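Participant: Protein chains in written order, with numbering that gives the first Met the number 0: chain A, 0 to 429; chain B, 0 to 484.
Simulated from the structure, these hints should not be mistaken for lab results.
Be careful, since some hints might not be right.
Each computed PhoX-like pair below joins lysine-lysine, with the alpha-carbon atoms no more than 25 Å apart [what the hints assert, rightly or not]: (1) Lys74(A) - Lys57(A); (2) Lys368(B) - Lys161(B); (3) Lys229(A) - Lys57(A); (4) Lys303(B) - Lys237(B); (5) Lys26(A) - Lys74(A); (6) Lys361(A) - Lys396(A); (7) Lys110(B) - Lys63(B); (8) Lys126(A) - Lys480(B); (9) Lys126(A) - Lys63(B); (10) Lys126(A) - Lys294(B); (11) Lys126(A) - Lys368(B); (12) Lys294(B) - Lys102(B); (13) Lys294(B) - Lys239(B); (14) Lys102(B) - Lys126(A); (15) Lys480(B) - Lys197(A); (16) Lys361(A) - Lys229(A); (17) Lys331(B) - Lys377(B); (18) Lys275(B) - Lys303(B).
From chain B, some residues computed to sit far from chain A (all C-beta separations above 10 Å) [stated by the list, open to error]: (19) Thr258; (20) Asn279; (21) Ala302; (22) Leu386; (23) Leu460; (24) Ser472; (25) Lys480.
Being a predicted model, the structure only gives us computed values, none of them experimental.
Just so it is clear, CB atoms sit at the ideal spot from N, CA and C, and this is done for glycine as well.
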Amino acid sequence: MKQLDYDVVVIGGGPAGMAAALKANEKGATVAIIERNDELGGILNQCIHSGFGLSYFKQELTGPEYAELFINRVKDSDIDVYLNTMVIDLAPDQRITAVNQDGMLVLAAGAIVLAMGCRERTRGAIKIPGSRPAGVLTAGLAQRYVNIENRKPGERIVILGSGDIGLIMARRLTLEGMQVLGVYELMPYANGLYRNIKNCLDDFDIPLHLSTTVTNIIGYPHLEAVEVAKVDENFAVIDETREVIACDTLLLSIGLIPENELSQNSGVGLNPRTNGPLVDEELATDQPGIFACGNVLHVHDLVDNVTLEAEQAGTAAAVYALEQKAAVSENRPAENKATITISPGENVGYTVPAKLTIPPQKPIRILFRVRTPLDQAAVVIHTGTEIFYQGKVQAYKPSVMEAVALHPEELNRLNESDEPITVSVREVKK
Amino acid sequence: MNHYDIIIIGGGITGTAIAHECSKYQLTAALLERGTDIGIGATKGNGGVVHPGYDPTPGSLKAKINVCGANRYPQLARDLNFGIINPGIFVIGFSDADEAVLKHKLEFGIKNGVRDLAIIDAGQMRNREPQLATTARHALYAPTATVVDPFEVAIAFAENAKANGVEILTSQPVTAIKKRTDGNFLVNTPNQQFTCTYIVNAAGNHADDVARLAGIAEYQMKPRHGDLLVLDKDMVNKPKTVMFPCPGPDTKGIACIPTVHGNTIVGSTATMLDDKEAVNNYAPGIQALIDGVHKILPELDAAKIIRTFAGLRPVVLDNNNDFYIAESPTVKGFIHAAGIQSPGVASAPAIAELVRDLLDNAGLEMVPKADYNPYREKLTVFTELSLAEQDALINEHPAYGRIVCRCETVTEGEIIAAIHGAIPAHTLDAIKRRTRAGMGRCQGGFCQYKVIAILARELGLSADAICLEDAGSQLLCGAVKGGAK
Chain A
0 MKQLDYDVVV IGGGPAGMAA ALKANEKGAT VAIIERNDEL GGILNQCIHS GFGLSYFKQE
60 LTGPEYAELF INRVKDSDID VYLNTMVIDL APDQRITAVN QDGMLVLAAG AIVLAMGCRE
120 RTRGAIKIPG SRPAGVLTAG LAQRYVNIEN RKPGERIVIL GSGDIGLIMA RRLTLEGMQV
180 LGVYELMPYA NGLYRNIKNC LDDFDIPLHL STTVTNIIGY PHLEAVEVAK VDENFAVIDE
240 TREVIACDTL LLSIGLIPEN ELSQNSGVGL NPRTNGPLVD EELATDQPGI FACGNVLHVH
300 DLVDNVTLEA EQAGTAAAVY ALEQKAAVSE NRPAENKATI TISPGENVGY TVPAKLTIPP
360 QKPIRILFRV RTPLDQAAVV IHTGTEIFYQ GKVQAYKPSV MEAVALHPEE LNRLNESDEP
420 ITVSVREVKK
Chain B
0 MNHYDIIIIG GGITGTAIAH ECSKYQLTAA LLERGTDIGI GATKGNGGVV HPGYDPTPGS
60 LKAKINVCGA NRYPQLARDL NFGIINPGIF VIGFSDADEA VLKHKLEFGI KNGVRDLAII
120 DAGQMRNREP QLATTARHAL YAPTATVVDP FEVAIAFAEN AKANGVEILT SQPVTAIKKR
180 TDGNFLVNTP NQQFTCTYIV NAAGNHADDV ARLAGIAEYQ MKPRHGDLLV LDKDMVNKPK
240 TVMFPCPGPD TKGIACIPTV HGNTIVGSTA TMLDDKEAVN NYAPGIQALI DGVHKILPEL
300 DAAKIIRTFA GLRPVVLDNN NDFYIAESPT VKGFIHAAGI QSPGVASAPA IAELVRDLLD
360 NAGLEMVPKA DYNPYREKLT VFTELSLAEQ DALINEHPAY GRIVCRCETV TEGEIIAAIH
420 GAIPAHTLDA IKRRTRAGMG RCQGGFCQYK VIAILARELG LSADAICLED AGSQLLCGAV
480 KGGAK
């Protein structure tokens, strides 16, 4: 059994974990990354398509290439990396228990960065009726099989969900010699990035069926067909449109869920709108010394944003850990910070952060997503009584994460009151 | 060709309980299961409640068997090392009419010998279950009721039977049964032939089909289908008591059931079907489950559903929904243990004893084995060990330090042990039932490819050959274009 002590422990060695660890290390903290896979890189390792790093590196990289740039920097640093090591408990006293084939590890940390990423929504969660045969799997699992294990999940594929993973897999499966019969999407609009619709579906003549869902799974012991049907504006199935499609594989790309079981064990409060931790502008959770970044905090579409967010969390974690060390040795009492909440308002699904320390000392970025597509709308940040930020009119889509940068001067008026802030996106009537 | 005193047809909880009972005696026996694993029929398609016995009519065979079987469970769980919890049952009444039914069931229960039954009021109910609907007025409380994972019980029975000399054969569907002139049976499967003196028909939904192979047409069967849901372990305010509404004529109704491992099951609907293979889920059934459980627990979060599944209860028609346990009047030596619908799980140990008596009456000498071993050691479960024990285990066997299933914290060591266990596991679902790998909230999203790789390696097969459950359920179909074969 190993007992270890670090200033900052980062749970997860994907893009979020690596960026956080590097920044923390730069700040002078001793850092460990705990990664359950046999290599760093996280989900990027199986994302062999390009489109990563357009803004952060000003290059168009594949997932593994983007990851490699960080992996090399981690290797060149004195960050301790524990591969094939899984954290199985994060206790309320913040002790970390992990396991690998050399035995159990117990780690004490001055600060912890949660970077565990997310999991895929499953068939059971949307309760698709029918048989339960082989041939039904999530798009990410299929991506693992095709890109890393070199195996085909089937020959004739139906994809449910027009999220990015489904769109990318529609193209990938086609390139690898399988037949993708179509992508079916419950909503009346596609969920993924526009460029993926063009590059993955249009370019390969793969039809996209909106307002359609899978209503039955047919065949046993192996999938033989799915039934699809159109839905109305209330998502009720329109019976006359039911249609059976012969296929041997159903890929589900129906959403990602931040993986916060460890966070919950340690008492970290979650935002029910994101299923990720509630954080302030420093990405600090409500458990002192625990920070969160990347998909575990909220699901991102661009890894470049993950990196920026993680750098912020890693810096904050290191500053916290080193200050705590200094405070303990100088016998300083703990500081109590006042905060106000940031709430999602009209048309907004959620915001990160969910609270803001006042008085604000540094510029902050508020990230948010709208709930529904809006052609002409503007973001408005307001308290109950006054508006203190209005953005320009633009189109908004749920699949695009938006950011508003605010400077302390813009927020100064908050010093006087401690009213909560609301972020709304208001439609502009022509 | 192998000759046995007894061949048991069907490896569900009934067949394996009978095998377990027979293994106590000096006789030869084999169990033939048509599927790839033990317990994959009706046994795995229910909520695992060990009903204490207030439902059956006093004096009926079912009443005796139910109570006797249920009472065996605590000792069996200790001896055979399977998981069991004691959440008790509330049968909940919402009206005066319901109260009359509850009093009726209380009477039945007392007459049948169920201990500690009582009618309790809303306040007492809410002490135990604060989330209970405010419309709940009273309940029949059965504090002795237990819950198991029925497929684990079947595997435990089968492993102990095998350790004591009963042959347990899977992937052996019976295709023909002939009575020979010497009075013995000739039993065929696609690739083997056996003879035996006695047959026990424990073939679940197919008991009538198996009986027909032997020229017997004493009863007809149809499946009564039920949908079920599984909810996440992390659900807040999850119930700690099994809670049913007042029962109907054919079914106990839609209950919430805490499971051995901390999930909540909601089940089950009840619809007679014709098709014995249709273990599907149906949209109206799933909705009925959600609506039904909301009558008891209005705040139960349906977003916590992680899986839907279904089961077919084997029903012998025109038999008052009763069990059909008897020697055939037309074919001597052929013993039926058929129509084992609810309370099948609870009754299994007592059905086994009854079948033993029937075999005895039919002329089979039942001499107890002096060296019968009633104990079964179960496979090591990593999460049940202390930190120091985990460390020591890994130092001895590093495979226990490699976590495969993250959601349920299942190690490679456990999976390897299950593959090579007493009743070996060769499919994804067999591994899932023995180790819980794939039962978590990601439903195998992260671990499936790892489990397939481990199975392929340990069995010396290609990944493409690995099946989900039944023959023909391969998950992968060849290398990608241009990829390494």
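Participant: Compare the structure with each hint and give your call.
Facilitator: So, going through the hints one by one against the coordinates:
no.: 1; hint: Lys74(A) - Lys57(A); verdict: holds, 23 Å
no.: 2; hint: Lys368(B) - Lys161(B); verdict: holds, 14 Å
no.: 3; hint: Lys229(A) - Lys57(A); verdict: violated, 41 Å
no.: 4; hint: Lys303(B) - Lys237(B); verdict: holds, 10 Å
no.: 5; hint: Lys26(A) - Lys74(A); verdict: holds, 17 Å
no.: 6; hint: Lys361(A) - Lys396(A); verdict: violated, 29 Å
no.: 7; hint: Lys110(B) - Lys63(B); verdict: holds, 10 Å
no.: 8; hint: Lys126(A) - Lys480(B); verdict: violated, 33 Å
no.: 9; hint: Lys126(A) - Lys63(B); verdict: violated, 39 Å
no.: 10; hint: Lys126(A) - Lys294(B); verdict: holds, 20 Å
no.: 11; hint: Lys126(A) - Lys368(B); verdict: violated, 50 Å
no.: 12; hint: Lys294(B) - Lys102(B); verdict: holds, 21 Å
no.: 13; hint: Lys294(B) - Lys239(B); verdict: holds, 17 Å
no.: 14; hint: Lys102(B) - Lys126(A); verdict: violated, 37 Å
no.: 15; hint: Lys480(B) - Lys197(A); verdict: holds, 24 Å
no.: 16; hint: Lys361(A) - Lys229(A); verdict: violated, 49 Å
no.: 17; hint: Lys331(B) - Lys377(B); verdict: violated, 38 Å
no.: 18; hint: Lys275(B) - Lys303(B); verdict: violated, 30 Å
no.: 19; hint: Thr258; verdict: holds, 15 Å
no.: 20; hint: Asn279; verdict: violated, 5 Å
no.: 21; hint: Ala302; verdict: violated, 8 Å
no.: 22; hint: Leu386; verdict: violated, 6 Å
no.: 23; hint: Leu460; verdict: holds, 13 Å
no.: 24; hint: Ser472; verdict: violated, 4 Å
no.: 25; hint: Lys480; verdict: violated, 3 Å
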